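In full-length UniProt numbering, the protein residues as written are 1 to 132.
No lab work stands behind these hints: they were computed from the structure. Only a predicted model underlies this, so the values are computations on that prediction, with no experimental measurement involved. Mixed in with the good hints there might be a few duds.
[To be verified] Computed Cβ-Cβ distance ranges for the label pairs, DEER-style:
#1 R121 to G28: 50 to 56 Å
#2 R98 to H128: 39 to 45 Å
#3 P112 to Q89: 22 to 28 Å
#4 A26 to W87: 19 to 25 Å
Virtual Cβ for every residue (Gly too), placed ideally from N, Cα, C.
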Amino acid sequence: MNTRADKWLHHVRVFKTRTLATQACAKGNVTIDGQVVKASRDLKPDDVLEVVRGDLRLRLRVVAFPPQRLGPPRVAEFCDNQTPLEWIQKASELRRERELIQPREHEMVAKPDKKQLRELRKFWEEQHAAEA
């Protein structure tokens, strides 16, 4: 029994959606032995895939084919993660460097929330009372 590459990548939780898995294959971010994998390629047991996801490169061996998307505890039954520790450390360093240069989007809020507005009003009132 074989399964499409995009379907397997989605089922073993490498990508959140099957569409993202298909797009990664189309962009050339999924390879087997240095050869770009199309989304429709049938995988076989013991195939070793290299997947680039952002800064992180993963090396995964196909163990078996799950019938549907798995919960995180069961992924190890169908996928053997052979990613070298150096790749993980490098991705972590790149992520830290990027955060130093550019803060996360959710930290760049345009408007203060209700609590922050109350605190700002209280601060302004205290400042104006001190000036008077």
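Here is how each hint holds up against the structure:
A hinted range of 50 to 56 Å holds for the C-beta pair R121 and G28, which are about 54 Å apart. A beta carbon spacing of about 41 Å between R98 and H128 agrees with the range 39 to 45 Å that was offered as a hint. Separation of P112 from Q89 is about 38 Å and departs from the stated range, judged on CB atoms against 22 to 28 Å. Range check, A26 to W87: Cβ separation about 23 Å, and the 19 to 25 Å hint holds.
Of the hints listed earlier, the one the structure fails to meet is number 3.
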